[in-house]
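Colleague: Following the hints, put chains B and C in place on chain A, whose structure we already have.
Protein chains in written order, with the working numbering: chain A, 2 to 307; chain B, 734 to 1094; chain C, 15 to 384.
You may find that some hints are simply not true.
[Stated by the list, open to error] DMTMM-like, lysine to aspartate or glutamate: derived pairs with alpha carbons at most 20 Å apart: (1) B:K1082 - A:D168; (2) B:K791 - B:D934; (3) A:K172 - B:D850; (4) C:K92 - C:E151; (5) B:K1082 - A:D77; (6) B:K868 - B:D850; (7) C:K126 - C:E151; (8) B:K1056 - B:E1031; (9) B:K791 - B:E1031; (10) B:K1082 - B:D1072; (11) C:K377 - C:E265; (12) B:K904 - A:D94; (13) C:K377 - C:D279; (14) B:K1038 - B:D986; (15) A:K303 - C:E169; (16) C:K377 - C:D213; (17) C:K83 - C:D72; (18) B:K929 - B:E896; (19) B:K1012 - B:E896; (20) A:K304 - C:D72; (21) B:K825 - B:D850; (22) A:K218 - C:D72; (23) A:K304 - C:E151; (24) B:K998 - B:D903; (25) B:K868 - B:D1085; (26) C:K148 - C:D109; (27) A:K172 - B:D903; (28) B:K947 - B:D934; (29) C:K126 - C:E169; (30) B:K1088 - A:D94; (31) B:K825 - A:E72; (32) B:K1088 - A:D85; (33) C:K185 - C:D332; (34) B:K937 - B:D1085; (35) A:K303 - C:D109; (36) A:K220 - C:D109; (37) B:K1012 - B:E999; (38) A:K172 - B:D1072; (39) B:K800 - B:E1031.
Calculated from the structure, these hints are not laboratory results.
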Amino acid sequence: MSITQTEPRQADRPGHEPGALEKAKVARDRRTYIALLVPAILGLFVSFVLPLAYMIRMSFNQGAPDGVIVETFTLDTYIQPLTDPFYWRVTLDTFQMGVIVGILCVLVSYPVALFLARTTSKYKGLLIAIAIAPLLTSAVVRTYGWMVILGTNGLVNSSLKGMGIIDTPLKLTNNMTGVTIGLVEIFMPYAILAMISGFGRLSYQLEEAAGSLGANKFKVFTKVTLPLSLPGILTAFLMVFVLSISTFITPRLLGGGSVQVLATEIYDQTTGLLNWPFAAALSVILLVLFGAVIAVYQRITKKIGG
Amino acid sequence: MRFSLRSGIAATAVVTASILGLTACGGGSPAPQGTGAATSGEVNLIAYSGVWQDQYTKAVIEPFKAKYPDIKINFVSKRSSAEMLSALQGQKSNPNTDVAIMDQSVSESGNNQGLFDKVDATAIPNLANVPDKFKNKDGYGPVVMVDAVGLVYDTATFPKAPESWNALWDKQYAGKVNVVAPPSLLGITLTAITSKMQGEDYTKSIDAATARLKELSPNVQTFAPNPDEYQNVITGQTVLGLGQNARGQYYSDQTNKKIGVAFPKEGTAYQINTVNVVKNAPNAAAAKTFANYALSAEAQTAFAKALFYAPSVTNVNLPAEVKSRVVPTDGSLNIIPLDVSFLASVRDKWTDTWKRQIINK
Amino acid sequence: MNSTKLSIVDLTKRYAPGLEPAVDRLNMSVEEGHLVALLGPSGCGKTTTLRMVAGLMDPTSGSIVVDGKDITHTPVNKRGMGMVFQSYALFPHMDVAQNVAFGLQMRKVPAKEQAKRVAAALDMVQLGHLAKRKVRELSGGQQQRIALARALVVEPTLLLLDEPLSNLDAKLRETMRTEIRSIQQRTGATTLFVTHDQDEALDMADRIAVMNGGLIEQFGPPTEVYERPNTHFVANFIGQANFLTANVVSENGPATDGERYYKVDIEGLGTFGAVGHPGLTGTHELVIRPQRLQASLHAPLGANSITGTIERVSYTGDTLGFSVRAGERLLHAQLMTSSADMPRQGDTAHLSWEAADAYIIPKTPQGPAS
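Here chain A stands alone, though its shape is the one from the complex:
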C-alpha cells in the first residue's frame, strides 16, 4: 500500500469527526478574509457606491429655480437633454474634444514614452520623474500658465508678432484651440505613464530580431515597435479621452465660456443654476458614455492583445 493511499484514511480513524477540523479551519479562514476586506468594501461603498446611488436617485428628481429640488420620480431630466439638439451637440462636442485631445496627446507623448521606455541611460528613473513632474503642480495652475502663454499679449502671440509672422494676434485662448492645447499638455504625463506601462511586450531584442531578418529602421518601427506599443497607445488614449471629457477646469478656464462640453454644463448646472437633478442626469449620461467607450476599448485590446 502506497503512502498516498493511506493518507486520506486517517480521517476515518475512530474519534475523528470526518472533515470537521478542516471545515472549521476553512470557515475561520473565510471569516478572516472577510474581516480583512470589510474596511476596503466599506470604504468603497461610502466613497463610491453611496454617492453614485445618490447621484442616480437625484437624477430622477425635478429641479426648480434656485436650487429647489422636487423629490419625485421623473424621466424629464433625461428626456429633456436627450430630445434637445443642443445637448446632443454638447455631447458630440465633448466626444470630439476627447478624441482630438486623446489623439494629439498620444502623438506628442508617444516619442517621449518610447524614448523613456527604451533608454538604457542610468538616468532613466530621473528622466521619467522629470516627464511626470508636471503632475506635482495642479491642473489649475498649469491652465493659468497656458492662459498667460496663449493670451492676446501672450508669449506665442508676441513672439509671432515680433518675428513679423502675424499682424493681429491669433485667438489661441477662450476657444476650443486653447482648451485643446491646454488639455494635451496637462494630460501628457498621464499618457506617458500609461504608455510606458503599456509597452510591456516591447523589447529591444524584438527590434534587433526584426533588423537581423532584414527589416530597415522604418519597417522595424511599423512592423514591430508600433504594433507592440499599440496596447500602451490605446490605454493612453482611453485615459486621456476619459480625463478630457470629465474635466471642467481647463475647458472652463481656457474656453472663455464658448467651449460647452458636458463637464462644464454639469458644473454650470450644479454651481451656477443649482439644478442638481438635471446636473445629475447629465452626469449619468456622461457615465454611460464612459462605459460605452471602455467597452469598445476592451474589445479592441482583446483583439490586439490576443
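Modeller: Chains B and C in isolation, oriented as in the chain A frame:
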C-alpha cells in the same frame, strides 16, 4: 409629490460620518442663547471669496475681533451667491453657518426657501439706521452694501471713459471685449438692460435683446473671463468689459489707474448684498452681534474705504474722495429698477438662451 | 570544398574610451559549413563578438569579412544573417507562420514562395502543425525551434545562435542540442554559436573558440581543446583538471602527431613521464584529467605513480570520485564504479597515469588564471 431641499445630502453626510466612526460635525451644543447681544462664542460667516474676502477681513472682521475678542469668526468663502445658496441648502436640516452675505436676488430666494431668520431692531439695533428702501419688506436680512454694474475699461484705449453700453458693440474693439454670461448676475443684468435699450419689457420677452446680443458675440473675447473680468482688462487680454464699480475702483488703484469703471448714460443696475442670519443657526446670538456690527457706521465706512461699496445706513459720512467713487445711492445715478425676484426666476431660461443663441451664434 | 566563410580580423570593441576592451584584437576564421562555438565565462566577450558579426553592434576597430566581402559597416538588415536570440525574440503579435515568414517578407519574396518556404522550414523543425498558433501558446522548446526556423528560412549566409539553449530545462537542452546540430548539418549553414556550457560546445561544435577577457585562448576542434589545452585557463574551464608544476628534465623521444615524450620532475614526488610540444624546457604546468588517472589500493600500477591518502570520496552512482593527498598536493581522480572494493577515507591509494595522458601546457604558467 413633496417639496424638499437638500436634506438628503445632510442625511447622507451624517450616515457617512457615523459609518466612518467620525463625530458628526456641526452638532456641537449650540444651545440657543436667546436674544440680546452675545459677546462670546463663534460666528460662521459665508460670503464672497477673493479680493472681497481680503478686504472685508481687513476692514470689518479684524476690527470686530478687536472689539469682541471672545467671538471667533470662521470665514467660508464662495465664488458666487449661488454657491453660497447651494451650501446653505445642503445644511438646511442641520446648519453650520450663521451669517451669509450674498446678492439680494439670491438671498430673496433663500428667504422664500426658509433658509434665513427674520431680524429686528431689538437684536440688531443698527437696523434703525437702515433706510426703508434697504430693509426687507418681510423683515428678513437688510441690505448691507450697495454696488452697481458698470463698464470696466482700459484707460489707455479709452482716454475718455465710455459713455454708452453700445461701446461693447463697437467693431473697433472686436475680440477685445469681455462679458460675463449668465448665470452670472452681470450677464443677467446686461440682458435686462439691453432689453430695455431695445424698448422691450424683459419680463415679457427678451427676443429683441437676444438679437442685439447676438451681434455682440463676435466682439467678445471671452464669456467667462478668468481669473476675473478685471484681470482680463489689466493684462490687456481685453480692453472693455462688464464689471462692478467697487472692485473696478479697487483694481484701478492697485494698477495705478490702468483700468477705470464707468456708468453708462442709459442707466445701470444695482448689485446689492444683504446680510442674513441663517435659520436655526448654531450661534444665533453671536450671529446677530456680527450682523449688527456689519451695519455699524464704523464697519460701513471702513469697507467703503477698502473696497468702494456704498454704505446702506444713513449715519455714515464718507470722505469726499471715497464718496465720489462709491456708487451714489441718493438718486443721482440713473438706475434702471430691475425686478430681482423675476430675474431670479428666469435665470435658467436666460442662461439657456445665451448658451444656445448668443454664445453659439 | 573547405573554403573560408567568415574571417574576423583584429576585431576590437571598447564600450567606452579608457575602459578595458570587451573584445581585444580578435582573429578567427570559420570554414564553410562549420559550427563554431564561442565558449567562455560570462563577460569574456563572446556575445559582444557575435553581436558585432550580426551587425547589432559596431566594432571599435578591426573588420569582419564574409565570403571575401568586408561587411564591417554593412547595416544589420543588409547582412543576410539569421540569428536566434537567447530569449528567442519571437514576435508576440504574430502567429508562428507570420514569424517565420517575416524575413521572407522583408526580402519581398513572392507570397506563393513564402508559403512554400515557411511550410518547409516548419516541417524541418517538425512543427508544421503549429503554423497558426500564437507564440505565447508554445512551449519553450517549440519557441526555440520556431526561432531556428525563422532564422534558417531566409537561407542565411551565417547562422548566429546566442545561448539558444540556456532557457530550456536540462532534458530538453540535450534533445535540442542534437536537433540543432542535425539541422545545421543538413542545411550546411555556417554557424556561430555562443555558449558558456562546455558540454554543449564539445558535443555540437566543429571548432571551439575558448574566450577569456576579450581574447581567444584557444581555437580548435573539441578533442584538441580538451586533450591539448594551450593554457591553464582552457584546461581549467573545459572539464576537470589536476595541475602539477613540473620541471622538464629531458626529452624522451617522439610521440604521436609530432609531439614528444618528456621526463619531468615534480618537486618532492620524483620524476614522471609526460607528453608535450617539441622543444620544451624549464618549468611548466602539467595537466592530467581525473578520468585518466588509474587508482589502486594495493600497489602502484605503473611507472608514473603517486601514493597518497584518500581525503574524500564522492559516489554518484555512475562514477566514483576521490581526492588523494600526496604531500601538499591534492589530486582528484574519477573512476567508473564497479562492485570491487570501495576506497574509503583514510585509505592509502596509488594513482598512476600513462605518459600520453599527462600533457605539458606549452605556455609558462603565469600564476593561476582567474
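Colleague: Hint compliance check: list the failing hint numbers for this structure, sorted ascending.
Modeller: 1, 2, 3, 4, 7, 12, 15, 16, 19, 20, 25, 37 and 38
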